[in-house]
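Number of protein chains: 2
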Amino acid sequence: MRMAIQDCYPDELSHCYGCGRNNPGGHQIKTYWTDDGKDPGSETVAHFLPRDEHKAIPGFVYGGLIASLVDCHGTGTAAAAAYRAAGREPGSLPPLRFVTGSLKVDYLAPTPQGVTLELRGRAVEIKEKKVVVDITVTADGKLCARGQVIAVRMPESMAPK
Amino acid sequence: MRMAIQDCYPDELSHCYGCGRNNPGGHQIKTYWTDDGKDPGSETVAHFLPRDEHKAIPGFVYGGLIASLVDCHGTGTAAAAAYRAAGREPGSLPPLRFVTGSLKVDYLAPTPQGVTLELRGRAVEIKEKKVVVDITVTADGKLCARGQVIAVRMPESMAPK
Numbered sequence: 001m002r003m004a005i006q007d008c009y010p011d012e013l014s015h016c017y018g019c020g021r022n023n024p025g026g027h028q029i030k031t032y033w034t035d036d037g038k039d040p041g042s043e044t045v046a047h048f049l050p051r052d053e054h055k056a057i058p059g060f061v062y063g064g065l066i067a068s069l070v071d072c073h074g075t076g077t078a079a080a081a082a083y084r085a086a087g088r089e090p091g092s093l094p095p096l097r098f099v100t101g102s103l104k105v106d107y108l109a110p111t112p113q114g115v116t117l118e119l120r121g122r123a124v125e126i127k128e129k130k131v132v133v134d135i136t137v138t139a140d141g142k143l144c145a146r147g148q149v150i151a152v153r154m155p156e157s158m159a160p161k
Numbered sequence: 001m002r003m004a005i006q007d008c009y010p011d012e013l014s015h016c017y018g019c020g021r022n023n024p025g026g027h028q029i030k031t032y033w034t035d036d037g038k039d040p041g042s043e044t045v046a047h048f049l050p051r052d053e054h055k056a057i058p059g060f061v062y063g064g065l066i067a068s069l070v071d072c073h074g075t076g077t078a079a080a081a082a083y084r085a086a087g088r089e090p091g092s093l094p095p096l097r098f099v100t101g102s103l104k105v106d107y108l109a110p111t112p113q114g115v116t117l118e119l120r121g122r123a124v125e126i127k128e129k130k131v132v133v134d135i136t137v138t139a140d141g142k143l144c145a146r147g148q149v150i151a152v153r154m155p156e157s158m159a160p161k
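For the record, the sequence lines run as chains A and B.
When you line the first sequence up against this note's numbering, it's residues 1 to 161, in that order.
When you line the second sequence up against this note's numbering, it's residues 1 to 161, in that order.
Honestly, I wouldn't trust all of these hints.
Note that the list lumps identical chains together, so a pair holds whenever it fits in one copy or between two copies.
With a straight-line cut-off of 27 Å between C-alpha atoms, the simulated DSSO-like cross-links for lysine-lysine are [as the list claims (entries may be wrong)]:
hint, residue 1, residue 2
1, K104, K161
2, K130, K142
3, K130, K161
4, K161, K38
5, K129, K104
6, K142, K30
7, K142, K129
8, K142, K161
9, K38, K127
10, K104, K30
11, K104, K142
12, K130, K38
13, K104, K127
These are computed hints drawn from the structure, not numbers from a lab.
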């Protein structure tokens, strides 16, 4: 995927603090396929360099930030996988926009600051209204966290009026 | 507890983006006992008003922020409960400082913006090196999320030099 899935979201659904291009103060996380994204085993990737203030203990990244990265890379991967499963172009209307139903993160090792983190995602279950995404977070090749996001199609009640 | 547990942490362990008083750009989450904190069933409470930018979809709070609040209220509750279990004054040395081993959040309903969120925590398992904390997040009395934090004693390898 040349474009990040988040850059294919409609403008009115692009204000997320984690990944919205229309949220200038947010993290603006970008999720890409690592290949052409056509294979059920295709992985997604995102990169993020935490700011100095994103610390837990000096020298180590704040776990809440890691959870935020997992969250948005999870819903992004869910959207990308749902478009693929439907045989549709990413961003084509009506939008396939997912929100987080459940988030789990296991912190396996302290995550060093000053390093660009790599998130890898894989959709392990894809249904029309629910996609499960497994995620790893590495720093300099070292596995620091594993996450799982249960992403659900955005309910109508959340749609901007 | 008159003081927040986070305000009892030593200065060098108070830089957390979520709850450190020495992180001016952070969330500065504060965890208090709801009573004198001496009962095994005592609950903790924290309040937080998300900023406008902390949105997912316009009108609704970003799930990654909710995960961050759960994270720090969880480790804070763990520290408070560990001091209580040890019969020690909060903040007495050596510090009982916990970090997150595992974090799980179930998002039960979209969380409205513009409302001060209330987090309630309860330590459901207390061991020397591990405390499990259950947390609820409500907005205007409505239950929006449930979380569980498995907090572990901060390893020596993370201690500031």
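Results of checking the hints against the structure:
1. K104 with K161: neither (31 Å within a copy, 31 Å between copies)
2. K130 with K142: between (30 Å within a copy, 24 Å between copies)
3. K130 with K161: within (24 Å within a copy, 46 Å between copies)
4. K161 with K38: So K161 and K38 fail the 27 Å test inside a copy (34 Å) and across (48 Å) alike.
5. K129 with K104: both (19 Å within a copy, 21 Å between copies)
6. K142 with K30: within (21 Å within a copy, 32 Å between copies)
7. K142 with K129: For K142 and K129, the Cα distance is within 27 Å only across copies (24 Å; inside one copy 33 Å).
8. K142 with K161: between (44 Å within a copy, 23 Å between copies)
9. K38 with K127: For K38 and K127, only the intra-copy Cα distance (17 Å) is at most 27 Å; the inter-copy one is 48 Å.
10. K104 with K30: both (20 Å within a copy, 23 Å between copies)
11. K104 with K142: both (19 Å within a copy, 22 Å between copies)
12. K130 with K38: within (19 Å within a copy, 43 Å between copies)
13. K104 with K127: both (20 Å within a copy, 22 Å between copies)
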